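Residue strings, one per chain:
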Amino acid sequence: MKLNSLNIKEANEGLKKKSFSSVELTKACLDQIRKLEGKLNAFVTVTENEALEQAQEADKLISAGQDLPLLGIPIAIKDNFSTLGIKTTASSIVLDDYIPPYNATVVAKLKAAGMVLLGKTNMDAWAHGSSTETSDYGSTKNPWNIKYLPGGSSGGSAASVAADEVIAAIGSETAGSIRQPASWCGVVGLKPTYGRVSRYGVIAMGSSLDSPGPITKTVEDSALILEVLAGVDENDATTSPLPVGNYSQKLSKNIKELKIGISEEYFIDGIDKEVKEMVEGALKKFEKFGAKIENLKLFDPKYAIDVYTIIQRSEVSSNLARYDGIRYGNGRDYFKDEAKRRIMFGTYALSSGYYDQYYNKAQKVRTVIIDDFKKAFEKVDVIIAPTSPSLALPVGATKDSAMFGEIADVLVEPSSIAGLAGINIPIGFSKSGLPIGMQIIGPQFSEELVLSVAYEYEKLTQVEKWRGLKPNL
Amino acid sequence: MKYKAVIGLEVHVELKTNSKMFCSCSADYFGQKPNTHTCPVCLGLPGALPVPNKKAIEWCVQIGLALNCNIPLFSKFDRKNYFYPDLPKGYQISQYDKPFCVNGYLTLTSGKKVGVTRVHMEEDTGKLIHEKVSGENVSLIDFNRSGVPLVEIVTEPDFETAEEVKEYLQKLQQIVRYLGVSNADMEKGNMRLEPNISLRLSNQQSAISNQLPPYKVEVKNINSFAFVSKAIDYEIKRQTEILEKGKTPIQETRGFVEKNSSTVSQRVKEEASDYRYFPEPDIPPLRWTKEQIKNLKSQIPELPDKKTQRFEKNHLLPRTDSIILTREKITADYFEEAVKLGKNHDLTPKQIANFIINRKIDITTTLPAELVKEVLNSSKKEEISDAELKKIIKEILEKNPKVAEDYKAGKTSVIQFVIGQVMYIIRKKIDTEVLRKLIMEELK
Amino acid sequence: MKIDVSHIAKLANLPLSKTEKTKFEKQLGETFEYVEGLNEVETKNVEPKSQVTGLENITRDDTAKPSLSQDDALSNTKSKHNGFFKVKAIFEE
Numbered sequence: 001m002k003l004n005s006l007n008i009k010e011a012n013e014g015l016k017k018k019s020f021s022s023v024e025l026t027k028a029c030l031d032q033i034r035k036l037e038g039k040l041n042a043f044v045t046v047t048e049n050e051a052l053e054q055a056q057e058a059d060k061l062i063s064a065g066q067d068l069p070l071l072g073i074p075i076a077i078k079d080n081f082s083t084l085g086i087k088t089t090a091s092s093i094v095l096d097d098y099i100p101p102y103n104a105t106v107v108a109k110l111k112a113a114g115m116v117l118l119g120k121t122n123m124d125a126w127a128h129g130s131s132t133e134t135s136d137y138g139s140t141k142n143p144w145n146i147k148y149l150p151g152g153s154s155g156g157s158a159a160s161v162a163a164d165e166v167i168a169a170i171g172s173e174t175a176g177s178i179r180q181p182a183s184w185c186g187v188v189g190l191k192p193t194y195g196r197v198s199r200y201g202v203i204a205m206g207s208s209l210d211s212p213g214p215i216t217k218t219v220e221d222s223a224l225i226l227e228v229l230a231g232v233d234e235n236d237a238t239t240s241p242l243p244v245g246n247y248s249q250k251l252s253k254n255i256k257e258l259k260i261g262i263s264e265e266y267f268i269d270g271i272d273k274e275v276k277e278m279v280e281g282a283l284k285k286f287e288k289f290g291a292k293i294e295n296l297k298l299f300d301p302k303y304a305i306d307v308y309t310i311i312q313r314s315e316v317s318s319n320l321a322r323y324d325g326i327r328y329g330n331g332r333d334y335f336k337d338e339a340k341r342r343i344m345f346g347t348y349a350l351s352s353g354y355y356d357q358y359y360n361k362a363q364k365v366r367t368v369i370i371d372d373f374k375k376a377f378e379k380v381d382v383i384i385a386p387t388s389p390s391l392a393l394p395v396g397a398t399k400d401s402a403m404f405g406e407i408a409d410v411l412v413e414p415s416s417i418a419g420l421a422g423i424n425i426p427i428g429f430s431k432s433g434l435p436i437g438m439q440i441i442g443p444q445f446s447e448e449l450v451l452s453v454a455y456e457y458e459k460l461t462q463v464e465k466w467r468g469l470k471p472n473l
Numbered sequence: 001m002k003y004k005a006v007i008g009l010e011v012h013v014e015l016k017t018n019s020k021m022f023c024s025c026s027a028d029y030f031g032q033k034p035n036t037h038t039c040p041v042c043l044g045l046p047g048a049l050p051v052p053n054k055k056a057i058e059w060c061v062q063i064g065l066a067l068n069c070n071i072p073l074f075s076k077f078d079r080k081n082y083f084y085p086d087l088p089k090g091y092q093i094s095q096y097d098k099p100f101c102v103n104g105y106l107t108l109t110s111g112k113k114v115g116v117t118r119v120h121m122e123e124d125t126g127k128l129i130h131e132k133v134s135g136e137n138v139s140l141i142d143f144n145r146s147g148v149p150l151v152e153i154v155t156e157p158d159f160e161t162a163e164e165v166k167e168y169l170q171k172l173q174q175i176v177r178y179l180g181v182s183n184a185d186m187e188k189g190n191m192r193l194e195p196n197i198s199l200r201l202s203n204q205q206s207a208i209s210n211q212l213p214p215y216k217v218e219v220k221n222i223n224s225f226a227f228v229s230k231a232i233d234y235e236i237k238r239q240t241e242i243l244e245k246g247k248t249p250i251q252e253t254r255g256f257v258e259k260n261s262s263t264v265s266q267r268v269k270e271e272a273s274d275y276r277y278f279p280e281p282d283i284p285p286l287r288w289t290k291e292q293i294k295n296l297k298s299q300i301p302e303l304p305d306k307k308t309q310r311f312e313k314n315h316l317l318p319r320t321d322s323i324i325l326t327r328e329k330i331t332a333d334y335f336e337e338a339v340k341l342g343k344n345h346d347l348t349p350k351q352i353a354n355f356i357i358n359r360k361i362d363i364t365t366t367l368p369a370e371l372v373k374e375v376l377n378s379s380k381k382e383e384i385s386d387a388e389l390k391k392i393i394k395e396i397l398e399k400n401p402k403v404a405e406d407y408k409a410g411k412t413s414v415i416q417f418v419i420g421q422v423m424y425i426i427r428k429k430i431d432t433e434v435l436r437k438l439i440m441e442e443l444k
Numbered sequence: 001m002k003i004d005v006s007h008i009a010k011l012a013n014l015p016l017s018k019t020e021k022t023k024f025e026k027q028l029g030e031t032f033e034y035v036e037g038l039n040e041v042e043t044k045n046v047e048p049k050s051q052v053t054g055l056e057n058i059t060r061d062d063t064a065k066p067s068l069s070q071d072d073a074l075s076n077t078k079s080k081h082n083g084f085f086k087v088k089a090i091f092e093e
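Chains as they are written, first to last, in this note's numbering: chain A, 1 to 473; chain B, 1 to 444; chain C, 1 to 93.
Keep in mind that the hints were calculated from the coordinates and are not lab data. Remember, it's a predicted structure, so these values are computed and weren't measured experimentally. Cβ coordinates follow ideal geometry from the N, Cα and C atoms, glycine included. Be aware that a few hints might be false.
[Claimed, not checked] Below, simulated DSS-like cross-link-like pairs (lysine-lysine); rule was C-alpha separation at most 25 Å, straight line: (1) K33/B / K78/C; (2) K336/A / K18/C; (3) K220/B / K88/C; (4) K375/A / K44/C; (5) K399/A / K44/C; (6) K80/B / K10/C; (7) K132/B / K88/C; (8) K17/A / K60/A; (9) K44/C / K76/B; (10) K4/B / K220/B.
[Claimed, not checked] DEER-style ranges, computed between Cβ atoms: (11) S17/C / N295/A: 48 to 58 Å; (12) P318/B / D72/C: 39 to 49 Å; (13) D97/B / L61/A: 47 to 57 Å; (14) S79/C / V264/B: 27 to 37 Å; (15) G180/B / D72/C: 26 to 36 Å; (16) K26/C / N203/B: 50 to 60 Å.
Excised from the complex, chain A in its bound form (with noise of 0.2 Å):
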């Protein structure tokens, strides 16, 4: 077995037991770059040499006895995170040669927790979209099909792990961002709950809804991660004092008393059949498993859909006007048609005169979708329905819609609307070899619960033929 090919549990034994290094690890993963990228295009930056020095010191310190939960670990971060002295450009040519002087805190607690930065993925410019086609660098490909699209905006992160480019990497979700990719890549994408995880350094698109979040190969690695990145954070006002479980360690639960939620609201028109039938499948097993399934009626997600639309688009309107070219990046006529598109229509939907007409009533309707859950979590434990009502979508397939993000996510924007906990899990392949996902969305700071329920569904269907299958390249 390739060492790139590993998961970090497997990885963090190897180390361990020295059956090889955290230099060869690397070795093995930036091999599978040089080999892969040409095709793949998941990374905007490959810090190679970084990566090679922090893998020797990664060597000492096991040698030395060192214990950390990620020591040696080769792992990939979004483009958008804020790495000091590494280039960050949200794959925007705005921010082509800009140098962050400091780390996100997600990036500084990865490194405390012995990371090894392999580098920044690809993924769409300004997370503005679910295909990573808007990115200014070019977009990234689906590892199962070149011609298919990783989803995004993730994509890149999502992609290097589908391709064993990585043992694991970083995403950062808005309202799908992470799960979407993690869906149509065939990988784990845990999306934490608004809060649970530091947006300080995250180059903010949506500031209510950005949550950052592992995409890793297994349920165990994505609870391995969020321990090392859940938790309150001085440098951010918004991250919630509760305190970190230990996911890890918690992660068997027992089906017979589980109640699985779904909503026929989920399996809306004009969903992928193969998609439909699969997650139908894979509710079918936790019910043999033991688990109850019950039928809700949730709040229509097409209007999430509006909602999330317009508060999104009316933050990333505030958020992307410090980009002027003064203190550093190029200036405003840098931005290419997504990124305008949605800075002036949140422009106008901010304006006076029609601020109650968009933003304030869609701060109402956020209202009634948080109160839609809480009701439906006062019956279920979890709600479980498809990640993205299609399968991976052909390379071109996202030019100039003026909207293909939002609705692409139209299933993912609820529960980020809500501030929710989700987790996409890879349940099966497309008769044309593309991958298939489910998410699991549990109430905010349920991360134990949703990832113990993604990790018995895996533990349970590990013998599932689909499971050994990897992408050909």
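Following the hints, put chains B and C in place on chain A, whose structure we already have.
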């Protein structure tokens, strides 16, 4: 006067906290090298987030309380969106519909209450310097000031004259200094003033006269109380002339020009100014308990107006003395300390007040106890008996017979000569009025 | 729905070409028509929610900490002079 001025005022006060409003950079930026007091937050770097300064918020509320404001229990920050090179984020974190303090007032000496609409918290911008660099006109930006806590105090359009505005400003300056929340130093830009001025007919009857004029002119860039008066006077004159021609002055922002004490039109920016306020998503809202407000109120020291009244009543000082002694809190405290010590020596507060005021005592170098000693010494020196004085006067008059002659001829100024002679001989400071009377008696 | 794209672009400080203005006017109009669907949702007695955490009173103590060095602060700008950021002249009058 045919027209009556309607004047409102916006004052920005910079707080003297240790750190900035939303980051931990030092707020003590004055005179520092450019761009040495910045961080990702106040430089508006990608990904940086604001965390509000608790002390600044409390001080803002205390200013509001000192201005008799209501403190709503719920409050929040908002983003005010506009573009300017000195505004690094492209928005200023301010407060829109839920300011910390509302509905207060400040009482002028005349008894008139000037309404304080609101007192809210915001952050300062960077500083622009306009220069020529290698032949090219450029603007240079220093972000050391960016993010320094600013409190904005907005009044109702209750002023009618420049004098009222000036008094309000002096009182406000005094109050924030008493609170110890700002140096309120005009020269350093700790206090910035923006009057808005319009005129209405003074003979307008009831209902109409309560209506505000259909325009208002805001004047910016004013950095002294004297200039506010000048700007207001200039505007009253300018607007009167326009109204006399049967026209209405346009609503606009004007800048004050120091060299000829006039105002000039700045951009008519009304069309472009749409601040697109919305709740700041990065900062959770704030909620006070009544207990906390009570506690903040209890920490407010006795304010100048109360102190002046108390000095008059308790220390039996004339109003003028009270006002002088309470102008600065440090002087008032010094005075009261000295009064306390002076009591043991039967010194009256008036004696101490006279000494502080007339001798212009440097209270930073003279301890109150030393002051009391000096007052005692000087009052001893004054103990020279009338009989003794009379003896001296007689001797002088005998030596200078012409004095009596001149005096009888109506030249009363000769008394001054005698006073001088007496003083020269005794070399002591005495009450000249007593001396004058004694001389006149001798001359009769 | 007709949107004054030039005005919005000015507010947003975005330089737009004529072609862009035409394109965005159409696209923005369509997007705003799309979100009109929200009016179907009854929100008469509903309070708007701009934050989901329920957190309140998050502040920090007034302690000053070291800042970036001048070099670091200026490290990403393309235009500086004597420790200042430099831009084309902005006239205030």
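Taking the numbered hints from earlier one at a time, note which ones the structure violates and give those numbers from smallest to largest.
5 and 12
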